[in-house]
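In the order they appear, the protein sequences are chains A and B. Per the working numbering, residue -14 is the first one in the first sequence, and the count goes up by one each step. Per the working numbering, residue 11 is the first one in the second sequence, and the count goes up by one each step.
Simulated from the structure, these hints should not be mistaken for laboratory data. Be aware that a few hints might be false.
[To be verified] Computed cross-link-like contacts, DSS-like style, restricted to lysine-lysine with a CA-CA straight-line distance of at most 25 angstroms: (1) Lys90/B <-> Lys331/A; (2) Lys107/B <-> Lys331/A; (3) Lys462/B <-> Lys203/A; (4) Lys176/B <-> Lys(-10)/A; (5) Lys179/B <-> Lys345/B; (6) Lys324/A <-> Lys24/B.
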Amino acid sequence: MDYQKHMELTPIKRFLGLTKHPYFGFVVIGLFLALGQVLGQFGVIGTSLVRSFGYTSIYMIVGLGFALLLGYAGLASLGTAGFVGLGTYIMGYLAKTHDLPLILVMMVGIIIAILVGLIVGFISLRIEGMYLAIVTLGLSEIFNEVFKNAYSITNGTNGLSIFGVGASREIAYYTAIGLLILMMIVTFNVMKSPTGRAMLAMKNSDSAAQAMGVSILKYRLLAFIFATVYAVIAGVLYINYAKFTIPTTWSLAYSLNILAAVIVGGSSTIFGIFLGTFLIFGLNLGILQQFEFFATNGAYSVIFNGALIIIVIMFYPGGLSKLVLTLSHKIKKAFKKYKEKWLAYKYGED
Amino acid sequence: MEKIDQIKRQQLIKQLDQIKGNLEFYQMNLPIQKAYLTSKKDQKIERLTFKKDQKLLKHYIRSGKLEGYPATLYQSKIDKINQSYDLKIRALKQRLKRKEKPLADAYQDLESIELKRKHALKKLAEVFEKTSPDRKSSLNIIEKAEEKLHSKVEKIEKSLLIRIEKLDKNTQDKIASLEASYQTHHNTLNTLKETDALENALNKTSILRLEHVSMQFGGLKAVNDLSFDVKEGEIFGLIGPNGAGKTTLFNCITRFYRATEGNIYYRNHYDQVISLNDYQVHRIIHEGIVRTFQNVELIFELSVLDNLLVGAHKNYQTGFFSHMANTKRLRAEEKVQKQKALDILSFLELTPYMHMYPLGLPYGILKKVELARTLMSHPKLIILDEPAAGLNDHETEQLKETIKKIRDTYQTTIFLVEHDMGLVMDICDTVCAISFGKMLAIGTPQEIQQNKLVREAYLGGEADV
């Protein structure tokens, strides 16, 4: 019996052992975001900051799906905005005309998303890389034109508002956070599972993946379905929270921002996606928009994103999550080294 | 009619594959699960005993029954105090060395430290002595606690036994039912076999047969009307000068290319002859054919162990939804596959590289990892595309042994393309030489060495000299 081991296992250490559970971090992120709304209700932080938290965490759901598509399956897509927009209009239309509850709308949204994902997935079998990105961009633009012109459903360029329908803003916020936690856990599971490995195999080498029994057709479709379902769910949550949607939001700039968020943060870990979305969207919505200059000249905030992408791609191709990881590793190493030095100084060498 | 039979057969084989996968999972899962449960139980009992000892330490001392674990616990407490004062003395010595302190002061300090140590030790002892040293009641308390622990341990052991029994029974039941359904499926497959036209396409001793296979890229015939047999359990070498069409032929067999003409027959796990032309590229591995590549095609974003798990992709019986929810079954499957990967890694002496990423590892190791990956899927036929390319002489020697070892332990057939004549002549049972897509000769290594056509192809004809 190992007494030393049991003697060292103090309650604090047992708790620290619990923090090593992979889901712990996701729950902490979720609680931290929920705290934002609580603080906002008590007036500690401003409403606009709380809203930026809300929007950013909804965008993070899009980022999660996109990271799986880009970082794992290796498929580039610029059509994200179209799918998110689709989600907002599905919810907007159904909530306004039929007054359906959120859960039912989500079901309908997921079914439509699967269909759209299948279509894009089949397209992706024929074309790859840049060309696929352009095809998805075209698809997104088609969606956008439909949003602008199908006046009877979408209310055209004036935007569709559903004020007074559905849950209150607070409830919508907490719903979004709850779903975000769930999505983080699911995405993490998929990334670590045989499916995630198969997707990585497909990204690294088509032929090796096929020789190992990975069906390219199946996993490409799966990746696209995953991304579109996440995007549509995020869209539903967005209009549920914002109560308003307008076609100009779902333009190329939005897709590029999602791409930037995933690249800047690093697509291989959930933490990286969190970091990326909060840098790209949170920085803009939460901090830059507070200044009058950026609020009136919205285009200037894009400069920050551009500079960030350049810096990250040039110096840290693995994304900021990798940077944080290496930094923390280095700090730990340095700390250990100095501790050893200090001990040798104090007690002499053995 | 024949087409329907074909489809029926393919489906049956698919079902058999599933049953076989499940069977393997249950068989391998049982010992792993048992070991896990037992270790968990041991940990729990250890923790309980430790808690009891810590709680009753003073009673143990008072009753004079300080032996076994409580004694070590007491000793470790004393050691801890001693250690901390020893460190203080060491620090003092160090300060003396650095001349930060005059000698007289140091003596004083040393004395005070020793005094403090004595005091602390005395205090530790006093804790147990100060309160009334009622030996009898202490003994009573200890006895009660030990009894309680004993009953608890018994309970835990009992519940473990019940759990293991249940697991055993469940697994046995499942294995029995799976085996029964395996039998019935296999029987139906065998009845289909009798009417099967393909059955006579392949000799009983052969595993693979190429029949007039041609592959044409535009005007170029890379493979031109090749036919030969690969016997079961042999190491078959394919040689030929650069551009002879060796890799093209491999790609035809593994369905990366569709042969423009000809048939490829293969005998699968269930002793069924199939025509590979009916299969898609990712289904080939399910039939037991697995390949390596000329340029190492590993997944550089995954560790060596995970690369092996990619090779086990077809062994997973769980679907996408259980991957999303990370179900118990998936976790058990992952454990089983990991165990298998560890076995293979130790078989090929790759264990030290287990958690490393392929990027930056020596080329010889990467080739070995690729070989290890092929073994994850219970192959019947392993196709090696230039296994010795880029290896030095020493590594090539090792590779020869490895290939033979794999053939003998895993009961597979090996079909390889190689430029290293030493390797081919040493290990192959049959060698086939081709040039410009056409067959030159086939036979034992000695026959090939003496063949005139082969010499001409490699060294040039007499007219060229």
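Could you work out which of the previously given hints the structure breaks and list their numbers from low to high?
Structure breaks hints 3, 4 and 6.
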